[in-house]
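Protein chains in written order, with my numbering: chain X, 1 to 322; chain W, 1 to 430.
Since the hints were made in silico from the structure, they are not lab data. Given the structure is predicted, the values throughout are model-derived calculations rather than measurements. All residues carry an ideal CB built from backbone N, CA and C; glycine is no exception. Among the hints, erroneous ones may be present.
What the hints assert, rightly or not - Some chain W residues flagged as far from chain X (calculated, every beta-carbon gap over 12 Å):
1) Ala33
2) Ser128
3) Ala180
4) Ala255
5) Asp351
Said to hold, decoys possible - Covered stretches of chain W, going by a simulated chain X footprint (3 or more residues, C-beta under 8 Å):
6) 81 to 91
7) 152 to 163
8) 286 to 294
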Amino acid sequence: MRRLVVLLLFLFTAACAPVPGSAPDITVGSAGAPSPADAGEVTAPPGSAAAVPACDATASLRPDGPLPEPGAMPAGSTMARIAARGRLIAGVDQNTYLMGFRNPETGAIEGFDVDMAREVAKALFGDPNRIQFKVLTSDERIPALEKGEVDVVVRTMTINCERAEKVGFSSVYYQAGQRVLASRGSGITGPDSLGGRKVCATKGSSSLANVVSLPSKPVVVSVANWTDCLVMLQQGQVDAVSTDDTILAGLAAQDPYTEMVGPQFTREPYGMGVPKADEDFVRFVNGVLERIRSDGTWATIHQRWLGVLDRNATPPAAKYRD
Amino acid sequence: MTAVVTTPTSQRVTGLVKSTPGRLSLIALLLVAVTLLAGALTAWSVQTRSAALEELATRSEPLSFAAQEVYRSMADADATASAAFLSGGVESPRLRSRYEADIAKAAAALSTATGEISRSPEVGAALSTLSGRLPVYTGLVETARTHNRQGNPVGAAYLREASSLMRSQLLPAAQDLYRAETANVVRDQDSAGGGPWSELLLGLVALAALGLAQWYVTRRTNRVFNIGLVVATGLTVVSLLWVSVASAVVASTVADSRENGSAQVDVLARARIATLTARGDETLTLVARGSGAAYEKRYGEVVAELAALVGRAGELATEPAVRDAVTSAGTNLTAWQEAHRRIREADDSGDYTTALTLAISNDQGGAAAAFDNLDRDLVTAITRARTAFTGSVATARGALTGTVAIVALLALGAAAASVMGLWQRLKEYR
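With these hints in hand, go ahead and build the complete structure from the sequences.
Right, here's the structure in full:
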């Protein structure tokens, strides 16, 4: 009888096994806006560790003689090869408003840089429409020239000694400078107030290198395209964007709640990139640039796109090393 | 004084077993236990099979289809948004309504799949991603649309972000969902269509017990047939036959449902997914405008896989309607390849406008028309194969109706008959 009672007690307690009484919580996945593809924080300073000897990269090759007429390019030259192909292949951007962008209404690629490229095509063929655009990110500019995938790159490309070792540059066709773009009321007044704040720039651009080496030590975020920086600024994922004032003007024009702040803290001379071996083409392009500086075309193009920045801009003077 | 002799319990039990009436009672008890147990276990086994069939018909297969629809709608929405971007200007009403229809379909298919989450907790993560990020995707597309309307090129950046979200998070989650649900279909088919080994074994054990009992009774009572035991044996044989035949029919129809239904649907669904991926890559190459080499490479890989899948679907097709649809799909695939070759030719030689027209306009020779026709053919084939599947599963379910009740009744009958039969003999010992 006693054993029966013990057995029953044991069964009873075993049957009343503890059941979890807590109410299950609702688990949430990640919330908030996603980031653009290829966005990431920069931890190591970009570029080669080896010091590049100081040079004057803005000094280009002098044009030899007057410009050849379209259809009468010197035999065996780069220009003749391009003319034989029937079109100029130009590396441009489609994401930088005012400089090189895709017009959402018409789908055409336009901008200051694009008009410059069209001038070169016009000099080669007599027709500014004999041109094929290859859209490149900042990162892809140098490899595209090294592999010969494009004839010329006109894409807010700053001339510096490091790049001049790999590609050829025309003379300076625009003098820009780096500034900072931030939302209104953010408290950012220039490059000195960026300490600990998140700043966006594109991978492979000289702007990124400049931001990384700022004494105020911002947190640097790199993306693939300049408009991705505006997206991140609008989504609250970065506090500021820092690059050339031309590019920033294009970003500010799309968002009235942003403003350019602070002084220009670097000088960014723009040049057209050409494959290193095509020195005759560099001279040709410089000849084209000489012509548009003097006959008012440069001023017209500038007024059309960048008039908002600086109404009285004059074309930068060319410098030659030979 | 008289001495009372009381026999101890153990001697009483041994006495019982040693005598024939005791043994007969014991045999009766054993027979009742064996027949009832065999009946109960057989009924339970048949019930499991029937439940698996019901799951297959009402949950696994519809959910697998819903998962396929989720993938297809979202991938098409993304391709439509890219096509609208490419065509420039304010997007055409046709593309806008196609995009909206796709999002609505994706949301509806998603709510179907989410309704069954308690049954398959392993898809919880995928469903949570899809439900959570789909509104984020549509929000980004709307922002892109607003900016495009203002003439701001930043709209293109929002569209890129949306497309990247779709490709990196939403579409992989939809594929995980599809794979999990298809695995459930296979699991349920295996569970329903397995051979009736346990039922056969139980029936044979019951028959063996009855046979041994009859042999013992014949030896002891010198009567060849005990009516009750014979009836019990007969009932057990009927039950065994019924269950065997029903299970064989179910196994055969489930194999049919696999061959004419789910195996083909799986190949066709994967072909459809490959079609959508290829279309997305084709449009993105054009959006990238010269720097889309990675997309073009992926297009080549996906189209090779698609051609292999369409070929495989043709081999597996068992119905003429499905075979015709797959043949037509193959023709449209070839037409699409031809259009794509012309698109690449135009784009690589600098004629972007022609490439664009070939890719997104609805002219008969263009890629968009070929893609739509290919998709339509695959849908026809999938619908036919699904109909064959649901027909087979319905037949299987019909074969099992009432089997559980019959088995239980026959087991009770066999137990009662064996008790009655042995009672007749026991009465003689009073």
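Hint check results:
1. No Cβ of chain X comes within 12 Å of the Cβ of Ala33 (chain W); the nearest lies about 24 Å off, and the non-interface call holds.
2. For Ser128 (chain W), the requirement that its beta carbon stay farther than 12 Å from each beta carbon of chain X is not met, with the minimum near 5 Å.
3. Listed as a non-interface residue, Ala180 (chain W) keeps its Cβ farther than 12 Å from every Cβ of chain X; the least gap is roughly 17 Å.
4. The claim that Ala255 (chain W) lies off the interface holds: its Cβ sits roughly 40 Å from the closest Cβ of chain X, which is beyond the 12 Å cut-off.
5. With a least CB separation of 8 Å from chain X, Asp351 (chain W) falls inside the 12 Å interface cut-off, contrary to its annotation.
6. A stretch counts as covered by a chain when three or more of its residues have a beta carbon under 8 Å from one of that chain; for the segment 81 to 91 of chain W and chain X the count is 4, and the coverage holds.
7. With 9 residues bearing a CB less than 8 Å from a CB of chain X, the segment 152 to 163 of chain W meets the requirement of three and the coverage assertion stands.
8. Against chain X, the segment 286 to 294 of chain W contributes 4 residues with a C-beta closer than 8 Å to a partner C-beta. That satisfies the three-residue criterion, and the hint holds.
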